[in-house]
Structure formats: C-alpha cells, structure tokens
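Residues in the sequence shown are numbered from 1 upward in steps of one, following full-length UniProt numbering.
Take these hints with a grain of salt, some might be off.
[To be verified] With a cut-off of at most 30 Å between alpha-carbon atoms, the simulated BS3-like pairs for lysine-lysine come out as follows:
hint, residue 1, residue 2
1, Lys-269, Lys-144
2, Lys-514, Lys-93
3, Lys-128, Lys-269
4, Lys-568, Lys-612
No lab work stands behind these hints: they were computed from the structure.
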Amino acid sequence: MGKIWLHIGSPKTGTTSLQNFLNDNADTLRDTGRLNFMSTGRAHIAHNQLAAAARTGNATKLMEDMLREADAMPDVTQVASSEMLFNLHTARKLSGAAPDEFKQRTKVICYIRRQDSYLEALYKQLLKNSRIPPDRQAFLDDAKRRLHYLNTFNTYADLFGEENIIVRPFGPKWLVDGDVVRDFAHHLGMPITRDLRVMEGFSNKTFSAEMSELLSMMGERTDFNTREVIRELIALNHPGTIKSRDVFSRSERLGLMNQVTRENRRLVKRFMPDCKDFFQTEDLEGEDSSASTEDQLATQLADRAAATEALMTAMGNLQARRKQEAELAAEAEELPTPSPANDALEEALAPPTWYREIYPGGDKRGWFHSHGSYAASFVERDTDQLVVSFDNLSQAGNDAYAREPWAQKFCADREYSHLGIYAQEPTWFRDEGLIAHLEGLRDEGFFSGFKKVAFVGTSMGAFGALTFSSLAPGATVVAFSPQTTLDAAKVPWEGRFAKGRAADWGLPYSDASKQTKSASQVYLIYDQFHEGDRKHVERLKGRNLVHLKGAGLGHKSALVLSRMNVLKDVMEGAVEGTLSELDFYRAIRARKDIYLYRQAMEGYLTDRGNEKRAERFASAFKKRRRLQNTS
Numbered sequence: 001m002g003k004i005w006l007h008i009g010s011p012k013t014g015t016t017s018l019q020n021f022l023n024d025n026a027d028t029l030r031d032t033g034r035l036n037f038m039s040t041g042r043a044h045i046a047h048n049q050l051a052a053a054a055r056t057g058n059a060t061k062l063m064e065d066m067l068r069e070a071d072a073m074p075d076v077t078q079v080a081s082s083e084m085l086f087n088l089h090t091a092r093k094l095s096g097a098a099p100d101e102f103k104q105r106t107k108v109i110c111y112i113r114r115q116d117s118y119l120e121a122l123y124k125q126l127l128k129n130s131r132i133p134p135d136r137q138a139f140l141d142d143a144k145r146r147l148h149y150l151n152t153f154n155t156y157a158d159l160f161g162e163e164n165i166i167v168r169p170f171g172p173k174w175l176v177d178g179d180v181v182r183d184f185a186h187h188l189g190m191p192i193t194r195d196l197r198v199m200e201g202f203s204n205k206t207f208s209a210e211m212s213e214l215l216s217m218m219g220e221r222t223d224f225n226t227r228e229v230i231r232e233l234i235a236l237n238h239p240g241t242i243k244s245r246d247v248f249s250r251s252e253r254l255g256l257m258n259q260v261t262r263e264n265r266r267l268v269k270r271f272m273p274d275c276k277d278f279f280q281t282e283d284l285e286g287e288d289s290s291a292s293t294e295d296q297l298a299t300q301l302a303d304r305a306a307a308t309e310a311l312m313t314a315m316g317n318l319q320a321r322r323k324q325e326a327e328l329a330a331e332a333e334e335l336p337t338p339s340p341a342n343d344a345l346e347e348a349l350a351p352p353t354w355y356r357e358i359y360p361g362g363d364k365r366g367w368f369h370s371h372g373s374y375a376a377s378f379v380e381r382d383t384d385q386l387v388v389s390f391d392n393l394s395q396a397g398n399d400a401y402a403r404e405p406w407a408q409k410f411c412a413d414r415e416y417s418h419l420g421i422y423a424q425e426p427t428w429f430r431d432e433g434l435i436a437h438l439e440g441l442r443d444e445g446f447f448s449g450f451k452k453v454a455f456v457g458t459s460m461g462a463f464g465a466l467t468f469s470s471l472a473p474g475a476t477v478v479a480f481s482p483q484t485t486l487d488a489a490k491v492p493w494e495g496r497f498a499k500g501r502a503a504d505w506g507l508p509y510s511d512a513s514k515q516t517k518s519a520s521q522v523y524l525i526y527d528q529f530h531e532g533d534r535k536h537v538e539r540l541k542g543r544n545l546v547h548l549k550g551a552g553l554g555h556k557s558a559l560v561l562s563r564m565n566v567l568k569d570v571m572e573g574a575v576e577g578t579l580s581e582l583d584f585y586r587a588i589r590a591r592k593d594i595y596l597y598r599q600a601m602e603g604y605l606t607d608r609g610n611e612k613r614a615e616r617f618a619s620a621f622k623k624r625r626r627l628q629n630t631s
C-alpha cells in the first residue's frame, strides 16, 4: 500500500511554492501514477483541513476518508499539506484520533528555519497583512512561545514512529538543488521531469523591516490596496528596500537562540543528525565594530528614508494611473450631456455592473442562472479569492433591472471573483432549485477552483452564508447579525420574520448550526445586547468561531458599520482571514456618534426599566452632536 505523506510546514518555509507545485501538476502526477495530491480535506489549493478537524473533534472521520481515497490508488504515494499541522496542540489531538491503519501508513515531512530567522519572516509577513502594529518588541515578547520545535516533533514521532519523521532545514544551502520543491520530491523518491511545472522556491523578494512597517501603517490609515502597492514596489525595485536580517539586532537574535540551545541539540540528535550545524550561531557571536548604536541608527534612518521614498513613489504612480484612466474614460465620452429626463431614463435602462463584465463584449467570464424566486450570478475576476454573497430581507423582491448582488461593488473593487445569490421572496433560501444548483456547483468542483472561498451576508443573508458554507470545506464565513434557523421546533422563542418562518424548513441546509464545523473561520458580528440575535449565536459551537461583539449595533450591524465608513475594511479583513478582535473594536469605536447606535442603546435601557438613564444617554448624545456640528 502507498504511503501517506503529511507535509506539516512550518510557516514561512516555502509552503506556498510547494502547494502550487502539487496543485499545478496534480492531474499529471495522478495520471502517471507518481503521486496523488489528496482532495479529501482540501477545498482549494491551500492547506488541508486535517488540523481544523482535529480542533473540532472530526479528525478521525477525515483520516478514515483519507484512507479510503488512498485505497482507491493503492500503489500511488499520497500527499496532504498544511502548515497548521505544525502545532503541538494539533499533534496531540491527532494522536488521540488517528486510526491504527493511518498511523502505520503515514510519514511526516517538515521544513524549518532557524528560530531567529523564522520570527523575522513572520514579523514582516504579519505587518504586510496589517495583522499587527509595527512594534518589534511587542511582537518579540508575544512570539517567544513559537521558538520551541522539539515537543511537536516528539509527539508526531510517538504517533507515527521516529523513522517516519523527516525534519529538513530550510535554506538554499541545505536543500537539494537549493529548492524546497526539488528537495521534497527527492525525499519522496520522485524525479522532477520535463512534463512538470516548477516555480523556484527562493524567487520572492523580502522587503526591509522599515518598508514592512510602513506598509502596515499604510494599510491601517489609507484606502490603498496593499497588494497593488506591493506589486508596484516590486516593479520599482528601489535601492535599500529589499533586505533581510534587519528586524532584530544580533544580540537579540543570539538571546532568542540561547533560549533553545539545549532543545535544539536534542532535536538535531533525534531528527536531523546530518545537519548538525543548522542551529549554530557563530554568525551572531563576537564583536562587530560596524554595529555600534550610531551605525545602527544611521542604517535604520537610511532604510526608513528609502522605504518612504519608494512607498510615496508607488502610491503616486497608482494615483497617476487611476487619474489617467479616468481622463481617458472621460475623453471617450463623445455624446452630448443628456437632459435630466434622458439621464434618468438611461439610468433606469442601464444593465447591472456585473452584466457589463460578462456580456459578450465584456472582459470577464461568468454566468447568470434563474431559479424562480431565486437567482445566481457569477463573475470570475481572479482564482485567488471567491466571495459568495446572499441577499438580505431589504433586497428580497427588488425588481430593478440593474439589480446587483449584495457586496457587488466591494468585490469588484478588490478584484474578488463573486457568486451572488439573489432572493425575490423572503423565504430564506428554502428553495429546492437553488439548493440543487449550489450542490451541483460543489459536485462540479466549482468552489475547489479557488484558493480561498468566503461566504458573506447579513441577517437572512448571514443565515445563507452560514448554512451553505459546508459546500466548501475550509471556507471563511462573515456573518453580520447572524441567524441560524427559523424552524419553530428548534427556535420556539423566535417571533420575528413571519414570512420566513412560514417557509419550508424541512429542506436540507435548514439549520446553520449544523453546517459550520468544516469552515476555517466563522466571523460573527453582532450586538450581544440584542436578545434575538444573541440566542442564534449561542446555537453555534466550535473553535473556529470568532465572536465580534458590538453593543449598540442592533440588528442592523452592517448598516451601522457602513454609516461609520468601516464596513469595507471590516469585510476585507474578515474575507482575507486577517481581521482580529482588536482590529474590529478599533473600527467600531466611532459608533457612539451614529444615530442608529443611540436608538439601540436607548431601547435596551428602556426595556430594562432604566428610563432615566436612557434620557441621560440621549441628552449626552445630542450634546456631543451639537459640539461636533459647531466645531
């Protein structure tokens, strides 16, 4: 029987290159009997969901399914890949869940950086994604827990046998042909032949610490798209902005490595006997006359100046390009300015923006399907990110010709591919034709064609996002004011949404609380004081839930965020999986100036018998608004 290889990371060791190689060559490798990139637990290119299954208690079933997939190709090597498996807690969970046959057939391979190098790479990566503030010391204090590798490998060795654990040092010096993909293939005993597409693993440029920190601040304080800016910076290749080993001082690096010296010796002895020099720190020891405080400060200032100049140039180039495109578009308009009446008529007859992208003369691929009371439109803009959105109650029944799906502009502005689900009746997507269509997309591999998938919606739309997320295991869910079901047998306390409660709740996908276990992250944005919404949230269980509470948001949480001009930022962070609770709470601090917030808080106080407090709250709100209007 063929072996099952688990590639378990660790982070920042060429995993993306390796997964792209496996995905790009999946058909060729499978058809020639060399290797099968396992589809079980893999919704798209990225990480296998075995780690998520371990956290939610579903690992045994997933491993049994992996064994069945392997048995269908008994002589073929099987591969599953996920950085999330490089985690002590996850390793322990798998130890208690793995079937005996899985233990006997599995080998583990892992690539690691020296710990000081790993923390530097991680710091820069988190900065670029605006997931942490530019504070090196705070990051260092928090990240020290990531230094310890040995216990994780020991746990996997106890599970699969020491002889089945391969630990490889990451870096051109250590890898076969200096490349992680070729090294991986070598250890699997698989030659890289001409029919395989290979991208070299060390081609990515590393921005300086100063540039990474400026990108973080830009992402927080401006509306520039970070990805666009990074592409522009790479094209500029400005001197002084590409740099490594510049986050921590040599003494800080040495201090980090000294903390794990003994542990690393044991790791090398047990798992890396041929790489005895990997953790040595001679490069960090001894006096360095060029590393005086004055020199360090001068270097830092020079790097900051170079980064600032490059960033301003990149942002200026993007602005100029947008302006030029707008001017060219304006020049192309040769028709006379229409009268107000003609203008209104043209607006009424104008097709929706998504149709302009996919009609026969459009520049995008896509389709539209109608299912009676429901419809779906799809625009393919990119294969990295798919967003699946669902109408809310306020959109149900909208018969405008230029009908847009929820989040249309948000997706178009970010070049996200978009599957929009429309509702013409407030029946909460309880429709056999719609359900069959969505299941058909799953069975055809539609969702697995994207690197990342996100299901989004608010209220009724949030129910749709939650309950249909199981169609794409590993997806992210973004649910504003989430609801889980209107089945009276399950939520007898629910008295809202009369037309929805009258729908057919005997159809599949009628209880969202049963459909979210396979999601990677489920962002729940709600007002914890709103009793109805809170009760629905309490029905949802799992470690993949991210509770983002906002007192005073009421049931119109997405609308309140929109009034604060933060809805798009919150949505983008959640869709891309980078939104933290701290990010969210910073974003909603300004809700105290929104009238909907005042209404919600007054209502809560009054319902609890605090009428006088409600009056004081209203008076303070009015006073603050008057001061703002006169300042």
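Now the hints, each set against the structure:
Distance hint between Lys-269 and Lys-144 is fulfilled; the C-alpha atoms sit about 23 Å from each other, no more than 30 Å. For the hint pairing Lys-514 with Lys-93, the CA-to-CA distance comes to about 22 Å; that is within 30 Å, so the pair holds. In summary, the hint linking Lys-128 to Lys-269 is not supported, as the alpha carbons are separated by about 36 Å, beyond the 30 Å threshold. With a CA separation close to 36 Å, the supplied pair Lys-568 and Lys-612 exceeds the 30 Å bound.
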